[in-house]
Amino acid sequence: MTATAKPPQDTAHAELHRKMLRQMLLIRRFEEKAAEAYALAKIGGFCHLYIGQEAVAVGALAALRDDDYVICSYREHGQALIKGIPSNAVMAELFGKATGCSKGKGGSMHLFDAKRGFMGGHGIVGAHIPLGAGLAFASKYLDQGKVCVCFFGEAAVNIGAFHETLNMASVWKLPVIFLCENNRYGMGTAFERVAAVTDIVEHACSYDMAAELVDGMNVLTVYDATRRAVERARKHSHPTLLEVRTYRFMGHSMSDPLHGVYRTKDEVEEQKARDPITQLATKLKDDGVIDQAALDAMDAEIHAEVDEAVKFADESPDPDPDELYNDVLVD
Amino acid sequence: MATLTYRDALNQALREEMQRDPNVFLMGEEVGVYQGAYKVSRGLLEEFGPKRIVDTPIAELGFAGIGVGAAMGGLRPVIEFMTWNFAVLALDQIVNAAAKMLYMSGGQIPMPIVFRGPNGAALQLSSQHSQAWESWLAHIPGLKVVAPATPADAKGLLKSAIRDNNPVMVLEGEMLYNIKGDVPDGEHIVPIGKADIKREGSDVTLICHSKTVTVALKAAEQLAEQNVSAEVVDLRSLRPLDEAAVLESVAKTNRAVVVEEGWPQAGIGAQIVDIIQRDAFDDLDAPVQRVTQADVPMPYNKFLERAAKSSPEKVVAAARRVLYLE
Chain A
1 MTATAKPPQD TAHAELHRKM LRQMLLIRRF EEKAAEAYAL AKIGGFCHLY IGQEAVAVGA
61 LAALRDDDYV ICSYREHGQA LIKGIPSNAV MAELFGKATG CSKGKGGSMH LFDAKRGFMG
121 GHGIVGAHIP LGAGLAFASK YLDQGKVCVC FFGEAAVNIG AFHETLNMAS VWKLPVIFLC
181 ENNRYGMGTA FERVAAVTDI VEHACSYDMA AELVDGMNVL TVYDATRRAV ERARKHSHPT
241 LLEVRTYRFM GHSMSDPLHG VYRTKDEVEE QKARDPITQL ATKLKDDGVI DQAALDAMDA
301 EIHAEVDEAV KFADESPDPD PDELYNDVLV D
Chain B
1001 MATLTYRDAL NQALREEMQR DPNVFLMGEE VGVYQGAYKV SRGLLEEFGP KRIVDTPIAE
1061 LGFAGIGVGA AMGGLRPVIE FMTWNFAVLA LDQIVNAAAK MLYMSGGQIP MPIVFRGPNG
1121 AALQLSSQHS QAWESWLAHI PGLKVVAPAT PADAKGLLKS AIRDNNPVMV LEGEMLYNIK
1181 GDVPDGEHIV PIGKADIKRE GSDVTLICHS KTVTVALKAA EQLAEQNVSA EVVDLRSLRP
1241 LDEAAVLESV AKTNRAVVVE EGWPQAGIGA QIVDIIQRDA FDDLDAPVQR VTQADVPMPY
1301 NKFLERAAKS SPEKVVAAAR RVLYLE
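So the sequences go chain by chain: A and B. With my numbering, letter number 83 in the first sequence gets 83, and the count goes up by one each step, no holes. With the second sequence counted from 1, adding 1000 to any position gets you my numbering.
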């Protein structure tokens, strides 16, 4: 680490890198606050945190246009924030409030912001994979030039919908990126215990699809791989399967202890040494793009933002009782 | 007024709605090159091309979900199931995705999608190909369910379904595709949620939908020969249900028989009986009777199959019971 910051070699990249660092920190601090709020019973139901996986959402979304589609599983707080949904609206949704991004009807697993192209968190493992292909189908049909990034966990690869969808996306040449976040465990089941093929990228061969294996603890690697996939989708309308290897530092959900009985504490600690935020922060300090004071200032600013989100969520009203019967059907 | 088969009436509805709105497309197994497993999509590939008439692999879950995603992206998909028996593979997409998208997104994402195909038994197709799914589908808030019995209703309801901004399940009948009937010329729309009196009567109300309308009409003829005047109420829509039409008829006849293709337990008839006992209790002169499929998987043997299905004779017997004639 240098005491005096070197001027950045490339201003555009420096800006992007600082932005990525800030976005990863935002997710980390947001999720820490969510865990606190859950412990205080301000958040109910299931709540799946993204801590440890921040580089995946941040790196991938940095490669997208604002009007591109993102669709996710139920571990989607990070993607929702980075797609531009304000922290207040995401936290308020976790609190089930009327000011939440789904008006308090979706909760942690069903964050939506259609105007920003954030097409939801979905709660049935793998079932949203065809939805992602359908969004890409619509974009191609309407000649909109939008691509869709569909995030799902490695456990979804064992679901029929994954295979049916990859086949059709390849046959129909849909501009979709299947982004598998391989965090090694479907709840408490290690992938190698339930999958005959553990290198998920290999599934792409069955569907004649481009694929790439990506280090998901390095945000820049995720960004570069997603950029290549986005170009393939946007220019040539070809789908891609990305296997992004990552790790969740927390349990499966808030009801799962930090490391659980299915993995060792040592394993978790070993992975924490690869913390994607620390990795980028170290690199940016080495590059002279940021110093500790700037990093501290950034962190303080983010702390203030998520504190404000909790305050906003807490003070927001519950949905009006009449809302119970609204939004079942449109007129 | 033209005389059309039920199949051609559906074909006209698809063609007209696809001409009307470029965002309507048809997707399913054998809908294009093969011209439709039951020829409902005959000629559409030639007219609209492969972009809008999309042949799929045999992958109901996958293409139903791609349809849902396409609707999220602003299109108006019509998803054909070769039969609703196969749609069971796709039920997750219908129930967990299509039916709930609007609600769990807090009203942000409407779901203008149609799922359609033949429902219920044909002839000797045995257990896995002979099931009537309407009570499953009508159970789900967020869906609309229609089951037309005539060519005119088939055309009018399918057109309404395609224009609806909600997910609409269109239950057709394999045994109905060849029936003929008058279809009004020009724009013909049948609103979803409106029952239709297919025959007026004063002594007993026969409540039915889809294929059982034919059964009930035959039963009404036989009853007329016995000096019993039966009113045939065709529900046409199962969700929303035209409760007023049911209650109005029962208020007139004081007696009711519900006829359906499905099994008895938790069937459509159970819902109709609930409405009648709650809102027309004082109008009733006899307990409501139901005629359903026998409570067994459909057998292959034609005599056993016949015994399992509803029939005009079974409806006549039920009507005579509510009239205390036997």
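None of these hints come from the bench; they were simulated from the model. All residues carry an ideal CB built from backbone N, CA and C; glycine is no exception. Any given hint could be a false lead.
Said to hold, decoys possible - No farther apart than 30 Å at their CA atoms in a straight line, the calculated lysine-lysine pairs in the DSS-like style are these:
(1) A:Lys115 with B:Lys1051
(2) B:Lys1051 with A:Lys173
(3) B:Lys1218 with B:Lys1198
Unchecked claim - Calculated from the model, a selection of chain A residues having no Cβ within reach of chain B, i.e. all distances over 10 Å:
(4) Arg18
(5) Glu32
(6) Gly44
(7) His110
(8) Phe112
(9) Ile124
(10) Pro130
(11) Thr165
(12) Glu212
(13) Phe249
(14) Ser253
(15) Pro257
(16) Glu267
(17) Asp286
(18) Glu301
Against the structure, the hints come out as follows:
For the given pair, Lys115 of chain A sits about 26 Å from Lys1051 of chain B by alpha-carbon distance, which is consistent with the 30 Å threshold. Distance restraint check for Lys1051 of chain B and Lys173 of chain A: the Cα-Cα separation of roughly 12 Å lies within the 30 Å cut-off, and the hinted pair is therefore satisfied. Under the criterion of a C-alpha separation no larger than 30 Å, the hint pairing Lys1218 of chain B with Lys1198 of chain B is consistent with the structure, at around 12 Å. Listed as a non-interface residue, Arg18 of chain A keeps its Cβ farther than 10 Å from every Cβ of chain B; the least gap is roughly 32 Å.
The Cβ of Glu32 of chain A lies farther than 10 Å from every Cβ of chain B, with a closest approach of about 26 Å, so its non-interface assignment holds. The beta carbon of Gly44 of chain A sits about 15 Å from the closest Cβ of chain B, which is more than 10 Å, so the claim that it is off the interface holds. With a least CB separation of 4 Å from chain B, His110 of chain A falls inside the 10 Å interface cut-off, contrary to its annotation. The beta carbon of Phe112 of chain A is not kept farther than 10 Å from every beta carbon of chain B, the shortest such distance being approximately 4 Å.
The non-interface label for Ile124 of chain A is inconsistent with chain B: the shortest C-beta to C-beta separation is roughly 5 Å, within 10 Å. The Cβ of Pro130 of chain A sits about 3 Å from the closest Cβ of chain B, inside the 10 Å cut-off, so the non-interface label is violated. For Thr165 of chain A, the condition that its CB be more than 10 Å from all CB atoms of chain B is violated, with the nearest at approximately 5 Å. For Glu212 of chain A, the shortest C-beta to C-beta distance to chain B comes to about 23 Å, beyond the 10 Å cut-off, and the non-interface label holds.
No Cβ of chain B approaches the Cβ of Phe249 of chain A within 10 Å, the least distance being about 28 Å, so the stated non-interface status holds. Non-interface status of Ser253 of chain A relative to chain B is upheld: no Cβ of that chain comes within 10 Å, the nearest being about 18 Å off. Under the 10 Å C-beta cut-off, the non-interface status given to Pro257 of chain A relative to chain B holds; the minimum distance is some 29 Å. At the 10 Å boundary, the C-beta of Glu267 of chain A stays outside the reach of chain B, the nearest C-beta of that chain being 34 Å off.
A cut-off of 10 Å between C-beta atoms confirms that Asp286 of chain A is not in contact with chain B; the least separation is 43 Å. Under the 10 Å C-beta cut-off, the non-interface status given to Glu301 of chain A relative to chain B holds; the minimum distance is some 29 Å.
Violated hints, listed in ascending order, are 7, 8, 9, 10, 11; each of the other numbered hints is respected by the structure.
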